[in-house]
Amino acid sequence: MPRTVRDVVFVDGVRTPFGKAGPKGIYHETRADDLVVKAIRELLRRNPGLDPAKIDEVAIAATTQIGDQGLTIGRTAGILAGLPQSVPGYSIDRMCAGALTAVTTTAGSIAFGAYDAVIAGGVEHMGRHPMGEGVDPNPRFVSEKLVDESALFMGMTAENLHDRYPHITKQRADEYAVRSQEKAAKAYANGKIQADLVPISVRRTNAEAGETGWGLVTADEPMRPGTTLENLANLKTPFRTHGRVTAGNAAGLNDGATASIIASEDFARENNLPVKMRLVSYAFAGVEPEVMGYGPIPATEKALAKAGLSIEDINLFEINEAFAVQVLAFLDHYGIADDDERVNQYGGAIAFGHPLASSGVRLMTQLARQFEEQPQVRYGLTTMCVGFGMGATVIWENPHFDGGSK
Amino acid sequence: MSTTAELLKGAAELFPDEVVTQAHVRHFDLPKGAGRFALITLDNGLDHTKPTTFGPQSLANLNAAIDQVEKEAADGEIVGVGITGKPFIFAVGADLKGVELLKKHEHALAIGKGGHEVFKRLSALAVPTFAYYNGAAMGGGVEVGLHCSYRTVSKAPPAFSLPEVFLGLVPGWGGCTLLPNLIGADKAVSVIIENSLNQNKQLKGQQVFELGIADAIFEGADFLEQSLLWTADVLKGDIEVVRPVIDRGDAWDQAVARGKFIADSKVHGAAPAAYRALDIIAAAKNGDLQQGYDAEDTALADLIMGGELRAGIYAFNLVQKRAKRPAGAPDKSLARPVTKVGVVGAGLMASQLALLFLRRLEVPVVLTDIDQERVDKGVGYVHAEIDKLLGKGRINQDKANRLKALVSGVLDKAEGFSDADFIIEAVFEEIGVKQQVFAEVEAVAPAHAILATNTSSLSVSEMASKLRHPERVVGFHFFNPVAVLPLLEIVRGEKTDDASLATAFGVAKKLKKTAVLVKDAPAFVVNRILTRFMGEIQNVIDEGTPVEVAEKAVEPLGLPMSPLVLLELVGPAIGLHVSETLHGAFPDRFKVSPNLKAVVEAGKRGFYVYDSGKPELDPEVAALLKQGDTVLTEEQVRARVLDAVAQEIGLMLDDGVVAEAQDIDLCLITGAGWPFHLGGITPYLDREGVSERVNGKRFLAPGVASVPA
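Those sequence lines, one after another, are chains D and C. By the UniProt record's numbering, the letter at position 179 of the first sequence is numbered 179, and the numbering carries on one by one without gaps. By the UniProt record's numbering, the letter at position 669 of the second sequence is numbered 669, and the numbering carries on one by one without gaps.
Isolated chain C, as found in the complex (with noise of 0.2 Å):
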């Protein structure tokens, strides 16, 4: 046994679990005569929803078929080999699960170098090697290919990526190296970094051909037919393959200085994994491969066992996994049709709601407002934004055609709620407004229409209390901006019965929201937790701290924008309304800023000027500032908002206000946009000894969102 097959052996008795992908060796006759040729075709056996991975077994497979392959060119048998995949998948890359199970760094190093002996077989073979991407390559899917001689993508859109970046990992197993060997070093960043911290933007097949990762794009029908014949060609010589040659100069330098940039401005430098690519992709200059290769196996040992990567599996299989089964949510067979939409107003939040459950649901949508002018806006709002899609060509003109048909806006609720199946309202925030409303809906509405609020941080509960039938009255609170952010916080207030819950829970999936089931506690759960933070901050201002000192203090947690900013976003009069509502609930936690009160009775809309392109505290802001003579360090302030967010997250698990800590860093990463290296927050808590401090335990156990005992 080689010593590779030994190590994949020791790797694999470790994930007894894995779902093992074959490796197939088949032979034929190239056409045209080019001779005979040898296959492997990756896959698990299972169709398409279920994608190739590389486990241990897996790259042991593909080891034993290359020794096949290998002796078969030794010998003169074959003129080539190539590799692909099952219908659709071509393969996605290393197995995560095996990943989570490793417990110590030398078996981190066997699964980087693993991969490395094995594929690195393939650019050693005695002919060329042909990697054919036949659909979904993604991460060492990717690089499996990348060892080999040529390859050719499909046009049919498969997801191409090296998305161990956006996940917390390298592409260790050649891609760091490899690609911009191939490719150059700026158009590597653009894969390796700026893809994977853009939201795991994907590639397809066009783009992988342009940017020369494949020699040869073909269309999707007889895609392996026709990369057959390329290879034909390529192997008698009729078809040469000239790649650009890459810039190995300054050229290199620089597009490792904008990959920097890249990462700055997306972690904060608090996430390790795209510095560590970055470094190999800058070391990979001198086309030292084998060099690159250990850079590569270590840097994946020492992510793999680190805090952030464990934190971005888990925050990963949040947004793919318990987002797709709401925790508590009820039996969806008890989910009522709804065939019809009214929204109660038509201010912008109203028009924007409309217009989501116009898109998704493709039902009849009626905004009433308290006159006909406010509900001529809404109506324009909502056929102005279909004239957007229309003119982006997301839509067709038929389907605008049906959009607008499908939205209205009268003025009298019975004439447009008498047949609605799901009501919601957003006017004003206040609870004797809301009351009201939905008095006067429930006067006008079917008996089984849902009654939703997307209230912000009123009660539920209280909304319904004058309700003759309260049970059909759910929360169904949004984050701004509705289109982009994924959250959906579904509230279930004391009354609230199952079938209301499971049809807000229906609707939540046709809005293809991510909705988390949160009991009607003040604030719910992302303004509670954000307020709390930027409640901590703003004490920390208050007492003396200087702001640049205190928005500072956080950068290292990498979070999409500073607190000021995000106080400016979401407008410092609903910041200053919610902190008056929790004030009002949990007054010795959560204090009213006399600062923050006075910027808001000042008009200011934020605390920043950008007169010179980067944020600077508006003079007019500064000169309202009335600041104590307490001056924290960044390391106090740091302290003091983490332990603020560890304590009220505490409390919202003991009070039963979400199932689980999981939910919780659901809710902050889809809602508030906070990173995978932190999974949420808590387990970033639970890494930092934080929520030891604060509350004597872990929010997660070891091994849950971070290297097992």
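Same shape as in the complex, but just chain D (with noise of 0.2 Å):
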């Protein structure tokens, strides 16, 4: 049967205000389906043009699928946010990359034609799941030295990349961090990153989290707006002594969802659905799970070299801030400065914080934003980085092009 690949693009995405995870955390008692179901819902609510039937999947990911993360999540999820039975759902994992998978694995889906239009999102509540929750390492890792024991401790595998990379100094990490604060704070009071929120109804029961009683989440938690380097210079580096990685140069342990639309360009065009991106290319890459850091840069030579493009040609970068020392040999790699301000124009996780399997969406949703308002730029990309050595991007293009007039 002969067989056209379809366009594939990013419609619209939202997610849920970041909380941190632990007891005092806006979504402590906040179970992390009705996240991820509360934002499927906005996302229906704001694409009215989407008929809910013609919805050909639910893909959600989640690394710790177990409790309120488990049960097949994209399945209940679409069950819990009042999609009509007939639409199917399945859980995604690739710890960091779920929610990019999500996106890629459907997109591939329908650029063969299987699918039209889909859901597509992540979740986690670090508070209720914390990382390494249930698991059972094959002995053989160590036994065998497949891997080196720091390759299960992210943060052990940041001081790790500190290591490859001397020069990627303390200093740098920590400047890097103070801007990732700075460009986030701004993109809040220029209001670019509330509207793609799901307002939150969060109860707490705690008196000593806070007021009690039912609140709204409006906004992310973790944000320190006014970080200094001197607030940085003295925290604890607890993956190591004397080491480089703290909890100001890293993300935080989060809770949240992200959830996106994901249909082909035939579709999105005649259910006149908004096109936000178009996709270009994506690639996954396995590094060792040591530096599992350097991720980013093989999976962008892979996705740069299936797209026929250079790093010049990419003007928008929504990397994900893990570690910044990831970004930074990131940047280093694609001889990219520090304060290029084509990285992360509203900053990253190191401020919004990262639900592991939920982050994946979010940078699209930001890099979206960006394109619309930078119609000059043809090609972005979204890229993170990936627990046990691996590295996912995906290339997008602007829809908004305008021929580089600028």
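For the record, the hints were derived by calculation from the structure and aren't laboratory data. Every residue, glycine too, gets a C-beta built ideally from N, C-alpha and C. Do not rely on the hints blindly, as some may be mistaken.
To be verified - Once the Cα atoms are required to be at most 25 Å apart in a straight line, the calculated DSS-like pairs of lysine-lysine come out as:
| id | chain 1 | residue 1 | chain 2 | residue 2 |
| --- | --- | --- | --- | --- |
| 1 | C | Lys71 | D | Lys192 |
| 2 | D | Lys20 | C | Lys32 |
| 3 | D | Lys192 | C | Lys510 |
Unchecked claim - Computed spacing ranges between beta-carbons, pair by pair:
| id | chain 1 | residue 1 | chain 2 | residue 2 | range |
| --- | --- | --- | --- | --- | --- |
| 4 | D | Ala219 | C | Asp264 | 58 to 64 Å |
| 5 | C | Asp264 | D | Asn206 | 41 to 47 Å |
| 6 | C | Arg243 | D | Ala53 | 49 to 55 Å |
| 7 | C | Lys97 | D | Val135 | 48 to 54 Å |
| 8 | C | Pro87 | D | Phe141 | 56 to 62 Å |
| 9 | D | Ala219 | C | Val241 | 51 to 57 Å |
| 10 | D | Gly22 | C | Pro708 | 48 to 54 Å |
| 11 | C | Gly703 | D | Gly22 | 49 to 55 Å |
| 12 | C | Lys399 | D | Asp148 | 54 to 60 Å |
| 13 | C | Val241 | D | Asn206 | 43 to 49 Å |
| 14 | C | Val241 | D | Gly22 | 36 to 42 Å |
| 15 | D | Gln85 | C | Val609 | 39 to 45 Å |
Stated by the list, open to error - Residues from chain D that face chain C, not an exhaustive set, calculated with beta carbons under 8 Å:
| id | residue |
| --- | --- |
| 16 | Lys38 |
| 17 | Arg41 |
| 18 | Ile79 |
| 19 | Ala81 |
| 20 | Pro199 |
| 21 | Ile200 |
| 22 | Ser201 |
| 23 | Glu211 |
| 24 | Gly215 |
| 25 | Leu216 |
| 26 | Pro225 |
| 27 | His333 |
| 28 | Tyr334 |
| 29 | Ile336 |
Hints given; two lone chains; assemble the complex.
Shown next as structure tokens:
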């Protein structure tokens, strides 16, 4: 049967505000599935042109797929969100790149012709599901030295990356982190972030955590506007004595969910849905698990090669800031300045937070906003490092591109 | 301390065991830059199975929360105040346990005033107020929201009602006054009177919205988020709430008249609550809220100090609590599983039982009878009823297929019952026939199978006496219509063992019936009392009192129907049969009426004809009646009837027919539909002094279903 590959577009994306994991966090008494359900419902409200019955798949990522993140959350979230029973769903896991993989996997199926439109997103409630909950690594990893023990601890892999690139100092990482906070605060002040946030009602029964009763969350909890280098200088380095990685130059432990609509471009146009980004290429790559933060570099190389583009063609970058060192390694590799204005214009995970499997769609939602504002830009990319030594990159084209008149 | 706080503190001291509701105040920024908001969450700290209620300390907590937001509103720190509940529950009104404890009119008045004083502060704040009915809202829960400027309701099915009249109160924290002023008198009458008197019917979210009680409705999944977004729009002026203009003309009076008609048809003037509520609704026409609140306070206090409400709460507790823990039932761990049911007989009663077992137990049900035609008819009836359920959308096609596949009919009892765990007979009401049937069943049924009888008046012990294993026989007496009346009298025969009885109670629970343990005494509970009651009516008629006088005599009780209409429903022949049985057992108290016998022999199905639309004595029946010349007044008839009932119940309790008077009342409420305001009957007999007059003592201690001493 003759087949034509179809263009795939990012129609829209939303997310919950991100919270701090733990007993005092805003989502401590909120279920993970409720977070993703509310994101899906907001997405549907924002896009009344999308007949829910025409959704072909609900792909939801979570790293720890147990409890309220288990039970095939893509399916259960669809039912809980009020989608017709005819809409199927499944779960995805590629740790931090879960939502990104939910997008690329369904996008591949759309291009192939299996789907017209899908919901793709992710959730991670790291308060209810701490990293490593229920894991059971095969003892051969250590006995056969398949990986170093540090590979299981993301903070240690970040320290390892500092070892590999001694010129990426703690000072540089801290400076990067301060800029991330500044950019995020500015983006908030300019209303760049709020428009894509879903308000979430939250209950609190523990008076030690603050006022009790029902409240409403409309902003990211982890943000630390006004952070200075001095604030960061003396933070502990929990992963190594005299190390470089601190809570200040890394993303925290967070709770949150994201959701996006991905569709074939034809479907989007026929149904009068917005076309915010057009998918160009995507790639995943594996690296040594001990330096997983290096992952975005080979993944980006692959994605560029598949697209027939070079790094110079990319004029907007959304890099997940799991650790400042991992962003800096990427920038150094491509000879991009630490403060290049094309990179993470609204700040990144160091400021907003990084609820593992949900973050990929946050990058896309922010890149989509930037595309809209900057029609002179044709290509952008979203990239992230992934636990156990992987990187993930998606290259997007700006449908608002005006031919580069600037 | 404000006077309100003092009032509530005093009330709280009277009610130390209150489950206290907290009123948490939490602040946040509304979306869309609408400003800083204070949200009050009502929460008793327990899960949704223990709904949030308002006792005096709870009201004091809400009062304190309002103190806080009142100041913030006055200082311009907040733009609005909301109120909502814990998950699945908004608030379900006053704590009835606290009401039961009240002994003095002044204390009862304080409860009404306390609620008003707190709630009405919500409407007096310097900023708009919003109620978000997130879940179950009843009584005072609904009312606290009525004092707010705006309301939203969840589409997820919350129970929503003003059930006060059902219990014997009025919606007295603003409900009677505010609701008609919000949605008009006619709709308010539907909610306050009609639904309450219609077995406490609950509203769904959609109806709450359509009635105009709520200004907006949102789905359950993100109800609070959407409510708060809507709030932001309202506060910013992006949404204008427009409510229909209320008709304050004749429509108001007509609505009140309609309410009176409903009340008359349900309680026949016998319970004051509906009428008190209607008086307040009628007066609310002028829109004077404070006048309405004052009237509510007085009505509440009067009703709280009245016997009808105390009986109502007692009755409510019987059906809500005692019904779930039957007195005298053996340990449920003794119950054996029931995986197949046999029904002996395929007549109408047997077929109804087959349908009930099928629907509730969802196990194979086998009907048998003496010929194939009857068997086919019985199975056909069940199939037709399943199709009706399917047609009404009560079950889906899969369920219909499943149920139809589970029911079967056979002629051969051995084939049908060899693997049945529970076999019930509903054959002709004659002891020899029943003994024969049980002997045949015992010959083919497994050794553990329960043999149950639906007899209404025969002795269960006698029925079991010829069996090898009489210990597995139980009485399982349903009430017609089986699908409607909740009562199931479970009769313990002389030799019935605990395991069989436990199994019977286990089955009753799955059938969703209110099971009451009854001794094997003639006609058990409901039929014995009803027959004594009707017998006394019949006696006075036979002696010469006109039929209308005898019928009218018991109207002040507010029974669901008059004695002779009830006789018609039961069937004069059955009524006669039961009276003969009881006459056989207790000839001095139960007579067999020659007039009733004549009516039955003439083939009449009742005393009345309905040609004019109203019941009128059938001239043919009138011609049959042979009356004496003793004519009693209504009062005299009423005294005789009530004395007879009190005497009979006293004898039954002395004989240990049931554990306590409470079980008698539970039987009468759930098996005969006797009303809450009578508390079944014994609270009424105590209240009217009949118990003392006849038996020299009350049935219930003061305070149990009456104002405590």
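Hints and how they fare:
no. : hint                              : verdict
1   : C:Lys71 <-> D:Lys192              : 35 Å, violated
2   : D:Lys20 <-> C:Lys32               : 23 Å, holds
3   : D:Lys192 <-> C:Lys510             : 58 Å, violated
4   : D:Ala219 <-> C:Asp264: 58 to 64 Å : 59 Å, holds
5   : C:Asp264 <-> D:Asn206: 41 to 47 Å : 54 Å, violated
6   : C:Arg243 <-> D:Ala53: 49 to 55 Å  : 35 Å, violated
7   : C:Lys97 <-> D:Val135: 48 to 54 Å  : 50 Å, holds
8   : C:Pro87 <-> D:Phe141: 56 to 62 Å  : 43 Å, violated
9   : D:Ala219 <-> C:Val241: 51 to 57 Å : 28 Å, violated
10  : D:Gly22 <-> C:Pro708: 48 to 54 Å  : 51 Å, holds
11  : C:Gly703 <-> D:Gly22: 49 to 55 Å  : 51 Å, holds
12  : C:Lys399 <-> D:Asp148: 54 to 60 Å : 59 Å, holds
13  : C:Val241 <-> D:Asn206: 43 to 49 Å : 36 Å, violated
14  : C:Val241 <-> D:Gly22: 36 to 42 Å  : 40 Å, holds
15  : D:Gln85 <-> C:Val609: 39 to 45 Å  : 55 Å, violated
16  : Lys38                             : 5 Å, holds
17  : Arg41                             : 6 Å, holds
18  : Ile79                             : 11 Å, violated
19  : Ala81                             : 7 Å, holds
20  : Pro199                            : 5 Å, holds
21  : Ile200                            : 7 Å, holds
22  : Ser201                            : 4 Å, holds
23  : Glu211                            : 4 Å, holds
24  : Gly215                            : 5 Å, holds
25  : Leu216                            : 5 Å, holds
26  : Pro225                            : 16 Å, violated
27  : His333                            : 41 Å, violated
28  : Tyr334                            : 39 Å, violated
29  : Ile336                            : 37 Å, violated
Comparing the model with each numbered hint stated earlier shows that hints 1, 3, 5, 6, 8, 9, 13, 15, 18, 26, 27, 28, 29 do not hold.
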